[in-house]
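S.K.: Single-letter residue listing:
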Amino acid sequence: MSVLVPLPVAVSLLGAAVSLALHGRVRLQRALGLAVCIVATGTAVALLTIVQREGVVATQAGGWPAPFGITLVVDGFAAIMVTISTLMLLGCLVYAFGQLDAERERLYFHPVYLVLQAGVCLSFLTGDLFNLFVAFEVMLIASYVLLVLGGSQEQVGSGMTYVVINLLASTLFVSGVGLVYAATGSVNMADLVGRLAELPPNLRGGLGLLFLVVFGVKAALFPLFFWLPDSYPAAPTAVAAVFAGLLTKVGVYAVMRTQTLLFPGDGGPSTLILGVAGATMFVGVLGAIAQSDIKRILSFHIISQIGYMIMGLGLYTLAGLAAGIFYIVHHIVVKTALFLVAGLVERAEGTDALGRLGGFARRAPLVGALFMLPALSLAGLPPLSGFVAKLALVREGLALDRVVIVGVGLLVSLFTLFSMTKVWQRVFWGMGPSPEAVPPGARHGQATAPIAGGSRVRPPATMLGATAALVALSLVIAATAGPLYTITERAAADMLDTTDYLRAVLGG
Amino acid sequence: MLLALLALHVAVALAAPTVAGRAGRWVFAFCGLAPAAVVVWASGRAGGILAGRAVEETLRWVPALDLAVTLRVDGFSLLMIALVSGVGVLIFAYSWSYFEPRPDLGRFAAALTGFAGAMLGVVVADNLFVLYVFWELTSITSYLLIGFEDDKEEARGAALQALLVTVAGGLAMLAGFVLIGSAAGTYSLSQVLAEPPTGTAVGIGLLLVLLGAFTKSAQVPFHSWLPGAMVAPTPVSAYLHSATMVKAGVYLVARLAPAFGAVVFWRPLVVGVGVATMLVGGWRALRQFDLKLLLAFGTVSQLGFMMALLGAGTPEATFAGVVLLLAHGAFKCALFLVVGIVDHEAGTRDLRRLSGLRHALPITFAVAVVAGASMAGLPPLLGFVAKELAYDGLLADAHQLGLAPLAGAVAGSVLTFGYTARFLWGGFASPVDVRAGAPPHAHRPSAAFLAPAVTLAAVTVVLGALPGLADGLSAAAATALQEHHEPPHLALWHGVTPALWLSVLTVVAGVALFATRGRVEALQERVGGLPGAQEAYDRAVDGLQRLSEGLTGVVQNGSLPVYLAVILLTAAVLPGGAVLLGGSLASPPPLAESWAQVVVTVGILVASVATVMMRRRFAAVLMLGSVGYGVALLFVLQGAPDLALTQFLIETLSVILFVLVLRHLPDRFSHHRWRLGQALRWVVAVGVGVFMFGFALMAGTARTRQPISRYFLENSLPEAGGHNVVNVILVDFRGLDTLGEITVLVVAALGVASLVRASRRGEPAGP
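Residue numbers (our numbering), protein chains in the order written: chain A, 10 to 517; chain B, 175 to 941.
It is possible that some hints are incorrect.
Unchecked claim - Partial pick of chain A residues on the chain B-facing surface, computed with a CB cut under 10 Å:
{"no.": "1", "residue": "Thr-58"}
{"no.": "2", "residue": "Arg-62"}
{"no.": "3", "residue": "Phe-106"}
{"no.": "4", "residue": "Leu-131"}
{"no.": "5", "residue": "Ile-298"}
{"no.": "6", "residue": "Asp-302"}
{"no.": "7", "residue": "Arg-365"}
{"no.": "8", "residue": "Gly-368"}
{"no.": "9", "residue": "Leu-400"}
{"no.": "10", "residue": "Tyr-494"}
Keep in mind that the hints were calculated from the coordinates and are not lab data.
All C-beta atoms, glycine included, are put in the ideal place defined by N, C-alpha and C.
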């Protein structure tokens, strides 16, 4: 079954190449993109089932034996991440059909989108530290191009911050890989487990922290998150939603992977990481409260929510890691959905500034519901997926007597609710925007007649359908949290006990 | 079946908007089916439940987290169901008359049905987490209902306040549940109560749970959200904010009190807060002019009374509390419905403008008198029975509680009498206050509009006159709370007991209070209300907003150099500190192998420093290129001509590209104001340099095992058929990396192409 492992990456790259050849024929590109995303998702689901049945599966690129070639490896954590990511990419692609204007779509959107998918999947699947760097580069360049696609002044400007900071992180990353190779003579992660363990503790600790910083930039941890809220909101919604849902979570994945596999420390809760988690939650949510545009608010919430995932890592127990993974899955779906809703509002009204909106729920009740559910879930209110995730963290945090972080987590949950109700009250409740408040050239507004106070808003079926599907998925996650939690628990068990992972990669 | 009934609420709520689209106001008849079904089911099962056989149902959810939808109906739950679903049916019936046809009735009915389901869940949940789930669902539906008239600023603000206060308490409660449950080893409420855990963690857990209960039941100092919630349509005020939701906290305390009443802080805290709330609420009610606000403060007061009785955890007080729950549900709800009718028919609720409605609305007036008398605790009504029991209970338990709660209860009841009189007099009898303008003209309400209120008034009368009818239910409820106690029978006449004298005292003092209302009002003007509760909320929200803006302004200041500096400093300090402080170099490696290396390295360093010192762009680019060439020279010295060649090519290409770009840029760097001082830049640069240098030194000397490069050297020719190991690594051993890098280049090219195209379209594309 190991033949399936590279498939999500391979099919995406191949698709990207063909899509590039189809430049100018948007319909074919769409069909191809859709097909590729479906195949990737199907493969991911297959991998997830296989891993549940057979444990960790690995394959060696080019047939060169580990640790000399590049290993691709899928364990529970990786399989979960690939599955949820490909699902999101599929949903956002469908949404993009309705959202992107023809010009942008023609400007290489499709091939680059598939390259992004390849990069994301490779990041999850690779078992090689240097290859992880390459995967990050693929992701970075693809995301950068998607970010500036269409090239408005604002996009290029905010893209600048994004690319400069990410390049700095890449520089640190590649330096870290160099240092690891200097110290150990290998870059295969499974091989590194034993080699790193032999290093003096200060060196091992330093390397671990260096990678924490590197991936911390990608994951937008405190105090490394600045780039995120300055760059995401500028992108087209479908793209911003993918970024919001996935990209930082790739960073979180890398943090969790490296900190558990390569730098497990002494195996107990880490006060440093819990501190970072708490600060990330707190500063992030305060940032959100200070904003007054939907996408900027949502962007700051990404940061805040990352804190909860990292809290799971910081607790460093089976239940803690399982809760962290569950949180990631929940968050990816919910956050992507929220961005898509923001896009629906922006499309209809021509703005996402709270001050210029109002009464949207009256004109689009369904969109109101589609916002309300994930918003409450984000704040961790029951009975939604965010509640299950938060409960898991709170339980384990209190079981380990980590009272401070639990308190911060609950407080931030309240603040998140406060911030979400701000959006709800000013966008979905209240009077409709006064006609002069809506800019005359509301970009896509022609078909939807947004201005008249009472008229109903009807977004395109693809956009509404994709959004609704994601919201429905988040409800399914809540309803089937029992079995899902078992899967995350098993993934967490494999992270704590790496025997299976090492055997799959190195044999023996 | 219970699960199905909960699901029915959800299904009905989901269907409500569609139904409302076709059937208009009849949607309330449709939605009323859900609570009606519960009433039918509960009546059918009542026999067994009253006999002490609880009904249980379970649905698995997340076993790993002890999260299971465990439902359990015992006598106390049954009494609560009577309030939740029984009153619920009446509220839906009332809503049918209350609302004019309007397009958004669907979402109102949906939220109201959702609330009915959630509240049902609260009173039947046995799993603590599931109790929390339903608890918060009532907060959310309450938010939607208070904010129903969402174009009013006031409604939105009140909805938000109610939500934030109750959710904040709820979150504390969740943490409390975890602490209590983990100490008990079970998250089943009934099992926790059967064997109550002890310890510090449990004590803290209880405090947190009480925080949830106090906020939900509008206890001092968290009460101010409840009067605010009165902006909601009257059915909501009657249902959520008097009969059911606000009793959730009382309900939970009642459950916990018998098991945890002995915990050292429990009684002083719960009874104290309850009595304080009773007094504050009653006092504030005395100076309201809006009938609805008057009732709201009355509710606060009565909730305090119930909290004190049920929180005391003693058998007699518990029994009194149970009866008061029932009595209050009937009379307060009826009074709210009356206010809704008055508001509807007379167009105002201001008791300075209302007058003589006893003639215009005789039946409404009759209902108000009956319900009011019950609230004031006059015989022969259920409220009187409850109050007598309360006095009795507090007297009997005085050895445990002291006399203060009793004194508080009497004082609170005097206030209750006073504001009831104010309500009836001001609303129906008083001559109009000329300053406020002419009294409005009143219409006669329809029979359907009156029916629910009349029903509730009838319940008050019948159960007051024949309390035996409620005997079974209240006894079963009390037994469910206090297992080993045989509750007394309900009776209107207890004989000439101390409680009766206290009742007489209450009435006399109450009459005096009403008679001197002018002076009382003057006194109130001078004393003012309880300072702080509302202001504290406003300030907290305001402070949070300002803290956020202040902090974010500092953290997220938009300066790229600052961002970079923070990241670099973090990278240098955190790992650098760990490496450099914790270790030592056993045998420092040779720093250089030849003089040539030293010369080249010095050259690189000079060029690096020069790059950042240059004022002209062109010179800086040339210096940067020199750094690259220097590195290439190092490669040559190390004997790696391929690498050196690659590096030379890249550097040359970069310099050429830079020069091409530079044509479009000013000759010199613009003089920015140095946001980050020059010195700090030096610190960052040197710090990162030192860190990398030290780290590399340490890492290079630490290697213990064979590097994998040996394999490449040995297998390059025999396995991969290539003489040039570097090439074989790139295209074969690690071909996947190369594929990735090629992809990066292609995408970068696409990005450039797209930017160029965009700029050709005439849009400025930036640098």
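S.K.: Mind listing which of the numbered hints don't hold for this structure, in increasing order?
M.R.: 1, 2, 3, 6, 7
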